[in-house]
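Following the hints, complete the assembly by docking chains P, U and G onto the known chain L.
There are 4 protein chains.
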Amino acid sequence: MFSETIKPRFCETDLLGHINNTVVPVWLEVGRTPVFELFTGPLSQAGPATFPLLLVSLAMDFRRILRFGVDAVVETSVTHVGRSSFALRQVIRQQGEVCVEAKATVVHADVANARSAPIPEPQRRRLEAWHAEAQAAPGSGTHEP
Amino acid sequence: MFSETIKPRFCETDLLGHINNTVVPVWLEVGRTPVFELFTGPLSQAGPATFPLLLVSLAMDFRRILRFGVDAVVETSVTHVGRSSFALRQVIRQQGEVCVEAKATVVHADVANARSAPIPEPQRRRLEAWHAEAQAAPGSGTHEP
Amino acid sequence: MFSETIKPRFCETDLLGHINNTVVPVWLEVGRTPVFELFTGPLSQAGPATFPLLLVSLAMDFRRILRFGVDAVVETSVTHVGRSSFALRQVIRQQGEVCVEAKATVVHADVANARSAPIPEPQRRRLEAWHAEAQAAPGSGTHEP
Amino acid sequence: MFSETIKPRFCETDLLGHINNTVVPVWLEVGRTPVFELFTGPLSQAGPATFPLLLVSLAMDFRRILRFGVDAVVETSVTHVGRSSFALRQVIRQQGEVCVEAKATVVHADVANARSAPIPEPQRRRLEAWHAEAQAAPGSGTHEP
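Residue numbers (my numbering), protein chains in the order written: chain L, 206 to 350; chain P, 206 to 350; chain U, 206 to 350; chain G, 206 to 350.
Extracted from the complex, chain L is given alone in its bound form (with noise of 0.2 Å):
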């Protein structure tokens, strides 16, 4: 599982008091970060042809109000492994509480011809690796969504 805080920023609340829900795909986006090194290599080397990933579908869940002031922490697990896609579940706590949980699914694209690519050897043993220890978590029977 890969975990990634985040502070919220002042612009990221709106005229509710509270964080407003737009942001939380970003705050998502950054705990994918780990797994889109995966495939891209160095970040600072990142364009177009070295960005082979797509999202397909974002779901999310808003259980509590995600509140300025306080650290968020974004959690990110590895919950199935297909051929061209992958799917990640992804939890967003404040003070260990959830306020968001979240399934993402992602493809493997062959930027050059714009359609899906089998995920390469290295990466899918990685990913089936980050997989197999999501399941052996305590707790993550549950929680699979």
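Quick caveat, the hints were computed from the structure, so don't treat them as lab data. Cβ atoms here follow ideal geometry from the backbone N, Cα and C, with glycine treated the same way. Treat the hints with care, as some may be off.
Partner residues are not named here, just some residues of chain G that face chain U (Cβ under 8 Å, in silico) [as the list claims (entries may be wrong)]:
#  : residue
1  : L221
2  : N226
3  : T227
4  : P230
5  : V231
6  : E234
7  : L248
8  : A251
9  : G252
10 : A254
11 : F256
12 : V261
13 : S262
14 : L263
15 : D266
16 : F267
Leaving out everything else, chains P, U and G in the frame of chain L:
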């Protein structure tokens, strides 16, 4: 069905050359504005005391890349009206083609007591009329999520 | 003078109840779009090779709070045309009142060699015509930054 | 001087392959947070009644392109303390090189009456100490805007 036209902004692109997926919830929020106004009255008066709605879930399927330089149209229909919540189906198109399909669930909330509250009768009647209209629209049966 | 009308978005507010100041450069960028198009051709084709402009400075004075629920108008005029750069004055109004005054300096760049490049003649003639028009407009003398 | 380290987010890039300039005020706002806290108390309690500061101007010079995949450091110093306002100099660096130089002017405001208000003594003393410290820092003389 409500329809809002959006001109993509340069800053909404990312280094892959298209609209970044974190922008989609922003456009969907714009598309829900006419529904919000049913509850809030004039938006220029909107504040914590006059905005009794909370988004509780949002699921998005990204069907096609969203391009810069091409208008996007967000269509929003009511697909369900419950006691204290309602569901919306939202579609984003560019040049007629479906780029995003989404489902949003919104809860009517008693702000003072931080819990869900029954949808008041005037708003319920309007939501149900919009729902009936969505069901009567050609093709709505196949589109219903 | 170019004029773009913007409907403030809910997510652009902050917990103080108004539009957050970090949104202002986004609206100003929208206001500069007609000037960009003079250089890029169709925006749907925009890319690193077809977008030869860099913003080198932006100064903003925030005169009045920007409110949600009220249309904002961004006015953009050319105030200076140099060899490889030009300056723009931008004003954001709500209900006729000036909320933001800004000055942007843009450099025409040779992307392949990452340095400034002379503004081509066709674009220069157009910018100078816009500049002359701005100077002839009533009140432009007092508005010039 | 305050220093905040920021990891650029993928969605902050644009189709030119770098960090879009509209992101810069967001990072600068993050850099001003320690100054804000001097006035607001705990940020988790921030609200219209406890956030008595308004940004009245922001001027930015973009010296170098901001790159994705490389940490950015925002440095913030106090350069002037007036009766009801103060000025900050802010610099954003990547790998030690100056990418952005900015000057922000902030007004202390009486929120209830929507006008500027004298900076209270405890905050003034702290701001003046920070100002003195900035002046004493090596090289601050040449950096002063």
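(request) List, from low to high, the hint numbers that the structure doesn't satisfy. (result) Violated hints: 7, 10; rest satisfied.
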